[in-house]
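Enquirer: So the chains spell out like this:
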Amino acid sequence: AQRVTQPEKLLSVFKGAPVELKCNYSYSGSPELFWYVQYSRQRLQLLLRHISRESIKGFTADLNKGETSFHLKKPFAQEEDSAMYYCALSGQGDDKIIFGKGTRLHILP
Amino acid sequence: EPEVTQTPSHQVTQMGQEVILRCVPISNHLYFYWYRQILGQKVEFLVSFYNNEISEKSEIFDDQFSVERPDGSNFTLKIRSTKLEDSAMYFCASSETGQGNYEQYFGPGTRLTVT
Chain Y
1 AQRVTQPEKL LSVFKGAPVE LKCNYSYSGS PELFWYVQYS RQRLQLLLRH ISRESIKGFT
61 ADLNKGETSF HLKKPFAQEE DSAMYYCALS GQGDDKIIFG KGTRLHILP
Chain D
1001 EPEVTQTPSH QVTQMGQEVI LRCVPISNHL YFYWYRQILG QKVEFLVSFY NNEISEKSEI
1061 FDDQFSVERP DGSNFTLKIR STKLEDSAMY FCASSETGQG NYEQYFGPGT RLTVT
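The listed protein sequences correspond, in order, to chains Y and D. Counting in this note's numbering, the first sequence runs from 1 upward without gaps. Counting in this note's numbering, the second sequence runs from 1001 upward without gaps.
It is possible that some hints are incorrect.
In silico DSS-like cross-links for lysine-lysine, where the CA-CA straight-line distance does not exceed 25 Å [unchecked claim]: (1) LYS9/Y <-> LYS1078/D; (2) LYS1042/D <-> LYS101/Y; (3) LYS15/Y <-> LYS65/Y; (4) LYS101/Y <-> LYS1057/D; (5) LYS22/Y <-> LYS57/Y.
Simulated from the structure, these hints should not be mistaken for lab results.
My request is simple: use the sequences and hints to build the entire structure.
Expert: Now the structure itself:
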């Protein structure tokens, strides 16, 4: 079964501290993995995807096929990082994106 | 920067009524999608649409649902006879291509409340 698991509903981190949002997935082939972000009162938007291997707003995510994980990391949290973060996957040949339940990241001053 | 737009932002309807949710995808995009998010739950895929036909749909997308691209700009989701459990946030999305290396751009959503 295709599934994305984000174990934390809420993560509170002090400004300047490192951030790690966990994501594990279940998929039998080679999926494409994404992180989407939704800032307060804004639309869902793509933050990054594993295939592009970019760093966006200081965030990175490494696909670990052995652990079936795609954790999102940032070395130093900023207040503007407070948002809802969704890990997601798309299977080979699929149109649909499968989302995790999301983690609310709250950056404390 | 072009954006996906959705109307209305909030729709309240009575159980059993038909509703049509409207979306205007980004103009050069060819693939269109509907997702929904019931309060407190995950965003779920409903349907994808390409070349004037459904290309993929989920188990949620039963006979009560239909999609249409009535003209060159709008993409609609119709729920024929709404149920209480259809209350959710409905998101439209579009992408230049489907399957593989693409980005889906999401609209702001329509909150549907069925009473």
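Enquirer: Please flag the earlier hints that this structure goes against, numbers listed from lowest up.
Expert: Those not satisfied are hints 1 and 3.
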